[in-house]
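Enquirer: Required output: the full structure, derived from the provided sequences and hints.
Under our numbering, the first residue of the sequence shown is numbered 1, with each subsequent residue one higher.
Just so you know, the hints here were simulated from the structure itself, not pulled from any lab data.
Simulated pairs of lysine to aspartate or glutamate, EDC-like, Cα-Cα distance not exceeding 20 Å: (1) K192 <-> D135; (2) K136 <-> D147; (3) K153 <-> E129.
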Amino acid sequence: MVSRAPTSSSRIGGLTVISPVSLPPGLLPARRTGTPSGFTPGSAHGDSGRWEVKADPQSSSPPNVLAHISSDQAGKGAQVLFIEKAEAANLDLTVRMKTVTDGESQGSGVVFRAQNDRNYYVVWLSPKENLVRLDKVVNGETKTLQDLLVEAKTGQWHNLRLSIRGPMLEAFFDNRRFLSAREDEWQHSSYKHGKIGLWARGPGVVYFDNVRLTRMDEGTGSVPLGGTETTIIK
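Expert: Written out as structure tokens, the structure reads:
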């Protein structure tokens, strides 16, 4: 039997947080202007937009969501928003995303095993192409490792889930698995551990909600035992 860490409730990014009581302090009440509390932005690449807390009574966990907003002049430069104190090698990560208004080259997703905002893995949705992708970013250059044709509708919530256990990675879009691979197939070895965060690019507005992270680094062996669960956004 695997025991769970006790949890407590607070606020991050304007949204309810359930986090293990053993986590360091730092989940603060949200600001509605500037960077949302509890997050650290990566470097902006051109007019890559801004992050802010927005009210959305239609969200799955009202009243707020975390939004990425960018103008029609935004290019393909990505903006990463790291979750403070969230790092892992083995994990289970889920997020709900909704494209409110879309534009050319727009995308939204999650980064994992990030060394910084120019070196990471990202699983993201491209609504214009109706694709969900796994990319590896090295020194700002992107290589697509896997993709899947999906039905992505503007104004509709979609679920993205990522699961890593030892050398195995699985990714799911709306409960449909689009990737199952070992480390030699998805080039896992160069980024063994790193930061976790949200990711967006291109013009338009996208909402994030219900980010749930389970870190599986507390056990031993190739598939760690135990886990520490945190609901970052709920």
